[in-house]
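Q: First to last, the protein sequences are chains A and B. According to the numbering used here, the first sequence is numbered sequentially starting from 32. According to the numbering used here, the second sequence is numbered sequentially starting from 8.
Just so you know, these hints were derived from the structure itself, not from any lab. Incorrect hints may have been included.
[What the hints assert, rightly or not] Short derived list, chain A residues pointing at chain B, Cβ under 8 Å:
| # | residue |
| --- | --- |
| 1 | Glu-86 |
| 2 | Gly-87 |
| 3 | Val-223 |
| 4 | Arg-226 |
| 5 | Thr-305 |
| 6 | Arg-310 |
| 7 | Arg-313 |
| 8 | Met-375 |
| 9 | Tyr-389 |
| 10 | Leu-390 |
| 11 | His-391 |
| 12 | Ala-392 |
Beta carbons: idealized from backbone N, C-alpha and C, even for Gly.
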Amino acid sequence: MLALRIKEAVRKGATLVVADPRKIWLTKLAKRHLQLRPGTDVWLLNAMMHTILEEGLQDDEYIRETTDDFEVVREIVTRYPPEEAEKVTGVPAEDIRATAREYARERHAGIFYTLGITEHACGVDNIWSLSNLVLMTGHLGYESTGLNALRGQNNVQGLNDSGANPSYLPGYQPVDDPETRRKFAEAWGVEVPERPGYRLDQMISGLHDGRIKALYLIGENPAQTEPNARHVEEGLEGLDFLMSQDIFLNDSTRRYADVVLPASSFAEKDGTFTNTERRISRVRAAAPLPGKAKVDREIVILMAKALGANWPEYPDAESVWNELADLSPNWYGIRYDRIEENGMQWPCTDLDHPGTPYLHAPRPALPTGRGRFFPVEFQPPIEEPDSEYPFVLTTGRTLYHYNSANMTMREPGVTDKQQAPFFEIHAEDAGALGIADREVARLVSRRGALEAEAHYSERVYPGLVWMALHFADQKVNWLTHDVGDPLIGTPEYKVSAVRVEPR
Amino acid sequence: MVAFTLDGRPVSAPEGELLVHAAARHGTFIPTLCHDDKLDPYGGCRMCVVDVEGAPRPLPACATRVAEGMVVSTNGPITEFQRTLTEMLLSEHLNASPGGRPNELIDLANELGADAPLMLPDAKRAEYDDRNKLMGYDPDACILCARCVRYTQEVMQCSALSLEGRGGHARIVPTWELSWLDTECELCGGCLSVCPTGAIYEKFEEGTSRPERQLEQVRTTCTFCGVGCQIDLNLDPQTKHIVKVTSKDEYLPNEGNLCVKGRFAFNFVHHPDRLEEPLVRGDDGELHPTTWEHALETAATGLQKVIAEHGSQAVGFLSSARLTNEENYLIQKLARTGVGTNSVHSCEST
C-alpha cells in the first residue's frame, strides 16, 4: 500500500533510487538500483557522505545551528571513498556518487527504510549512518523528507508506544527514572519494579540459561519467528510454565503450552491501532466471538484478578485508552471522540492540539534541540560465506502472507497464489548445482536444514538466496543465526551462510 | 480564481479545476460513469456532457477545465442526451448484478427515467471464466469504461488487465487472457473497487452472496501491515459474518485503496480452527478443553509457582502487534503490577 504513494510520486516526476540486495518490484520504476551485498549498508552510506563532503553539498547552516559532533563523522567518512565502497558493496562508485548528489541537492528528499536496515548485528549502526546522512543534508523537519521507518505490522508502533517494552513505561517514559516510576506507582497504586526487564532476545536466551522459567505469549509464535528456531523450541520445552492467549494454536503452543486462552481477532474488539506515521485510528468490534472466546482486554483483566492485582474497573476499551493518555503527555490530546472519522498523529499534547504529521520541526525533537552525529565504522556480518556454506541467505516476507501465516495460510484465495515453501536463487547458481526451476532442493546452515522449491529468479544475484519466513513446515528460521545487535538485540535475519544442495 | 456561469448562476472556481469538481462544489451533481478522481481525466463514456456556450458540441465535464467567462448549462436539453446515452448502454447490459455490487448505471437509469427500448442482438459477449477464487468478471455487465484497466496502469502501474476485441466482442481480460493468478496482478482488487457497474466482483463462497447494499458496514482499521488502512467490514445481517471488505476514497491514509490481504484475507476470522474454548494440558500430555475458571486458576497457579520459586524476574511476557494499544497497555500493566517484572516485549520490536 505504501508503494502506491511512491508510485504516485514517481509518476509526478520524483526520482526514485532503490537500495536493496534484491531486484524488488519498485526497481522497475527506479532511476537507479543500488544492489548492495547484504550487511554492507554502512559502507554505502559512509561513501555517500564522503561524496557529499568532498563536493561541498552538505547543509553547513543546518549542521552549525542544529547539530553536534559533526567533525567526528567528517573525519571517519574520509576513509570511505566510493571506489573502495564498490569493492565491498558491489555497487558501482559512480552510482554511489550520483545518488549522493541527487539526494543532497533535492530539498524534498526522503529516506524510507524497513527491516533490511535494522535486522543486522549492525542494525543500530545502520540507523546512525542514515541519521548522519539526514542531518548532514538538513533533510529533516519539513514535509516529504526525513528518515522514515516503515512498520511491517499493524500495531508495532502502538505496542511500543503503549509500554510493552522492557525499558519504557507507556509513552516512552524511561523505567530507569525514579521520578517516572513514582508517577506510575501513584497512578496504579502499586510499586513499579525497578530492576530492568529482559528484551525478547534476552528472554529467549534466558530459556536456556535458567533466567526465564515461565512465558506468557500473547499472539506470538517464537518457534517460527525467532532466529535459530529449533533452539527456541528446545527452550520452550524446558520451561516450567508456558501460557498463551491467541486465536489459533501455533507451533510454539501446540506442543509446549500448559494453558491456552481463546482470544479475539481484530474484527471482534474495540480499541485503537497506531500506524507507521504515528496515526492512531479506531478499531471497532463487528463480528461475534467464536464459542467461549473472549476479547483480549477481558482476558488480561481476568488474569490480573486471578493474580490478585488491584485494578480499577475497565468497562470498555475507551476507559483503558483514557488511562494511557492521562499518563502519557504526547498522547494526552488524543481521545476517542476526536478520532471517530480519521485518525490523529501523535505527539498531541492537549485537547486542542491538531496532532503532528512530521517530527523534528523546527529543530530535532531532543532535550537539547540539537541532532547528534554518531561516528560509525563498518562491521562485517557475523557469518560470512565460506567454502562449506558458500551462499548468503537473506530472509523477508511476501505480499501474500503475514509473518508466521497463521491467518493467511487459512485464506484459500491467497494460497492459490502462494502456498508451497520456496526460495529464490539465481539460475546460474541453480544450474551449476543441477537443480531445475521449481524443483525441491535443500538449504543447509550450521543450525539446521530445510527443503523448499528452488525458484529461479532474477531478483537475486549469483551467490545470494532469499526465503520468506511464512512457511510453518519449512521454517527459514531453522537456518538463521541468533547473534543480534549488541545494543538492542535485533536478530540478523538478513545474513546467514548456507549451502544449497539437490534433494 | 476564475468566474463562470453555471446554470444561470455566477460562480467561481480555481483556475484549471475540472468542471465536474467545480460544479459539485457549487451543489450541482453531474452524473459520471468512467470518471474516477484517482485517475487521469478520460472523457470516455460521455455521461457527464454539459452544454458550453460557443462550443460546437456538448463537452465532457470530467475532462473539461473551467475558464474565465465560461457559460455552462447542465440541466437543459442535455438531460435528454444523457437519457439516450443511458438507454444505449442499457441495451447492451444483459446482467445488471452478477456479484451484488452496486450498479451506478442502473442508479442513473432510475434517476433519469431511462429504460432500454430493446436489447441489441449482438449484446451477448463471450464469457470469461477464471480459476482464481477472489474475483469474477461478467462481460455482460461491463460498459467498457476502462476504469479498471486505467486503475492498473495509473495507480498500480502494472499490466494486469487490458481491453481486448472490438465492437460487440470487446471485453476486459487479464493480460494475454491468462488467469488473474498468472499475470503480474497482485490480486489487490482495485479494478473491482473502481468498476461502476459491478462487472468485476468478489467471488463469494457458495450461497453467501448478497447485494452489497443489504450488508451491514462497520468501519475499522485493517489488521495486517503498518499502513493502517481504513476499511469497512461488510457483514451479513443474519449470520454477522464478514462477507466482504470495502473502503472509501475519503478514508485516510489509504484513500480507498487496499491490498490483497486487506481486501480478501478476512476468512480467518470465521475459520473452524479458531480456538473456542480454554485449553489446559492434562497428565496425558494433551491439551483438553476446560472452563474459564479452571483455565484461569491453572494459569495463575502456574505463574505464582514460578514467582515463588524463582522470583518475578523469571516470568517473561511476549505481547503482540496483533493487539490494540489498549490491550498492550493492560499487558504491560499486568507484567509490572500483577507479576512484578519489566520483562515485556514482542517479536515486532525489530
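Q: Run every hint past the structure and note whether it holds.
A: Right, here's what the structure says about each hint:
| no. | hint | in the structure |
| --- | --- | --- |
| 1 | Glu-86 | violated (33 Å) |
| 2 | Gly-87 | violated (37 Å) |
| 3 | Val-223 | holds (6 Å) |
| 4 | Arg-226 | holds (6 Å) |
| 5 | Thr-305 | holds (6 Å) |
| 6 | Arg-310 | holds (6 Å) |
| 7 | Arg-313 | holds (7 Å) |
| 8 | Met-375 | violated (10 Å) |
| 9 | Tyr-389 | violated (14 Å) |
| 10 | Leu-390 | violated (16 Å) |
| 11 | His-391 | violated (20 Å) |
| 12 | Ala-392 | violated (20 Å) |
Taken one by one, the earlier hints fail for this structure at numbers 1, 2, 8, 9, 10, 11 and 12, listed in ascending order.
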